[in-house]
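> Listed below are the residues making up each chain.
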Amino acid sequence: MSKISQDEIQQWLEKQPHAPGIEPGAENEADLKNYQLLFDLLDEGPPAELSYSFTANLHRRIQAATSRRIGLKWYGIAAVLTIIGFSLAYCSLLFYSANAASGFAEVLNKYKWVLLFVSACFLIVQFLESYLNDRQKQQLQ
Amino acid sequence: MFNENQVIEKVLQGDMRAFDLLVKQYEKLVCYVIYRMIKNKEDMEDVCQDVFIKVYRNLSQFDHRAKLSTWIAKIAYLTAVSHLKKNRQNTAFNYPDDLDEIHFTDEHPEKLLTRKDTAEYLERMIAQLPEKYRMVITLYHLKEFSYTEIGEITGLPEGTVKTHLFRARQLLKETLTAN
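Protein chains in written order, with the working numbering: chain A, 1 to 141; chain B, 1001 to 1179.
The set of hints was computed from the structure by calculation and includes no laboratory data.
Think of the CB as a built atom: it goes at the ideal place given N, C-alpha and C, for glycine as much as any other residue.
Do not rely on the hints blindly, as some may be mistaken.
Coverage of chain B stretches by chain A, computed from C-beta distances (three or more under 8 Å per stretch; other residues unrestricted) [as the list claims (entries may be wrong)]: (1) 1037–1048; (2) 1052–1063; (3) 1133–1143.
Computed footprint of chain A on chain B, listed as stretches where at least three residues anywhere in the stretch have a Cβ under 8 Å from a Cβ of chain A [said to hold, decoys possible]: (4) 1004–1012; (5) 1152–1158.
Distance condition first, Cα-Cα at most 30 Å in a straight line; then the derived BS3-like pairs of lysine-lysine [to be verified]: (6) B:Lys1054 <-> A:Lys73; (7) B:Lys1143 <-> A:Lys33; (8) B:Lys1041 <-> A:Lys73; (9) B:Lys1074 <-> B:Lys1024; (10) B:Lys1132 <-> B:Lys1143; (11) B:Lys1028 <-> B:Lys1067; (12) B:Lys1162 <-> A:Lys33; (13) A:Lys33 <-> B:Lys1173; (14) A:Lys33 <-> B:Lys1028; (15) B:Lys1085 <-> B:Lys1024; (16) B:Lys1067 <-> B:Lys1041; (17) B:Lys1024 <-> B:Lys1041; (18) B:Lys1162 <-> B:Lys1074; (19) B:Lys1074 <-> B:Lys1143; (20) B:Lys1028 <-> B:Lys1132; (21) B:Lys1132 <-> A:Lys33.
Please build the complete structure, drawing on both the sequences and the hints.
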């Protein structure tokens, strides 16, 4: 008795009209029966299901990610505007009085680390707040 | 009827209802791919959500060269692989050198079938297959993809896809025959 090849099985599965004939015989018939059972089970797919709240949770996560991205965009814009503001203030002062402009630059230079520290603290607080919010939301889900 | 292009256009305009339609249309596909890849079923839903978040974020990059289902399946597959790598679950399912010598559990199937039905038993057998076998057999039996598309999703040549599919089936049939 001949064993059925995988190509023959595939053609039999696809019900091709010119599929090679599978020799009759108890072994082959049992094989086809087992393959049929296997294909039926495989076509059914795994018993996987998503929860009813899947879409709602997905919306929540997308919204959280979107607002986080918008937040970051705004922080970027705020940082750029601050730099532009300081530059404009310096240029305006330079236009009226070079002494005042250099005084302004000195003050900025003197307090640059304080300014950077305050900005960094602000960003860290914002980041921690959104991180804790996300965790809280995940725990509630 | 699900109009792929129309739905994509609406999602890109920020229409969340259209995105819900997209999720509904492809949740079975994503769910099956993730289910077969991830052993820890508690993580399954989170990973499915990750997949759809990636789909939402990157939909503007979808170039219509492949079917949307192929593109989503590829995202699902790569997300599952990266999840497995991150959680180091994959070590047991990496390609062994003696791939053709793989055999299933020594536990006699008859014993197993007395307590589980055939479908559950088959799922257990599928879970023991190497990762690529599991993926190929899952994608093929979704009746959605051709060999070429499965190759595109998994990054395997068409010939290898066929070999994996045939070998996986043969292994699974052997266990059913043993019963």
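> Confirm or reject each hint.
Comparing the hints with the structure gives:
1. Counting residues of the region 1037–1048 of chain B whose C-beta sits closer than 8 Å to any C-beta of chain A gives 3, which meets the bar of three, so the coverage hint holds.
2. Residue count for the region 1052–1063 of chain B with a Cβ under 8 Å from a Cβ of chain A: 4. That meets the three needed, and the coverage hint holds.
3. Check on the region 1133–1143 of chain B: 5 of its residues sit with their Cβ under 8 Å from a Cβ of chain A, so the three-residue criterion for coverage holds.
4. Figure legend: the region 1004–1012 of chain B, annotated as covered by chain A; annotation inconsistent (0 residues with Cβ-Cβ distances under 8 Å, at least 3 required).
5. Here the region 1152–1158 of chain B counts 0 residues with a CB under 8 Å from a CB of chain A, which misses the bar of 3, and the coverage is violated.
6. Of the supplied pair hints, the one linking Lys1054 (chain B) and Lys73 (chain A) holds, its CA atoms being roughly 20 Å apart against a limit of 30 Å.
7. Taking the CA atoms of Lys1143 (chain B) and Lys33 (chain A), the gap is about 21 Å. The hint holds against a cut of 30 Å.
8. Restraint check for Lys1041 (chain B) and Lys73 (chain A): not satisfied, since their Cα atoms lie roughly 36 Å apart, outside the 30 Å limit.
9. For the suggested pair Lys1074 (chain B) and Lys1024 (chain B), the alpha carbons sit about 18 Å apart, so the restraint of at most 30 Å is met.
10. With a C-alpha separation of about 17 Å, the suggested pair Lys1132 (chain B) and Lys1143 (chain B) falls inside the 30 Å cut-off, and the hint holds.
11. With a C-alpha separation of about 16 Å, the suggested pairing of Lys1028 (chain B) with Lys1067 (chain B) holds against the 30 Å cut-off.
12. At roughly 22 Å between alpha-carbon atoms, Lys1162 (chain B) and Lys33 (chain A) fall within 30 Å of each other, so this suggested pair holds.
13. Taken as a hint, the Lys33 (chain A) and Lys1173 (chain B) pair is honoured in the structure, with Cα atoms around 10 Å apart against an allowance of 30 Å.
14. Only pairs whose Cα atoms come within 30 Å are accepted, and Lys33 (chain A) paired with Lys1028 (chain B) is accepted, the gap being roughly 28 Å.
15. With a C-alpha separation of about 28 Å, the suggested pair Lys1085 (chain B) and Lys1024 (chain B) falls inside the 30 Å cut-off, and the hint holds.
16. For a cut-off of 30 Å, the pair hint linking Lys1067 (chain B) to Lys1041 (chain B) stands: about 28 Å separates their Cα positions.
17. A distance of roughly 20 Å separates the Cα atoms of Lys1024 (chain B) and Lys1041 (chain B); the hinted pair therefore holds under the 30 Å criterion.
18. The suggested pairing of Lys1162 (chain B) with Lys1074 (chain B) holds, with an alpha-carbon distance near 18 Å, which does not exceed 30 Å.
19. For the hint pairing Lys1074 (chain B) with Lys1143 (chain B), the CA-to-CA distance comes to about 16 Å; that is within 30 Å, so the pair holds.
20. Distance hint between Lys1028 (chain B) and Lys1132 (chain B) is fulfilled; the C-alpha atoms sit about 19 Å from each other, no more than 30 Å.
21. A threshold of 30 Å between alpha carbons decides the hint, and for Lys1132 (chain B) with Lys33 (chain A) the separation of about 26 Å falls inside it, so the pair holds.
Hint compliance for this structure: hints 4, 5, 8 are not met, and every other hint is.
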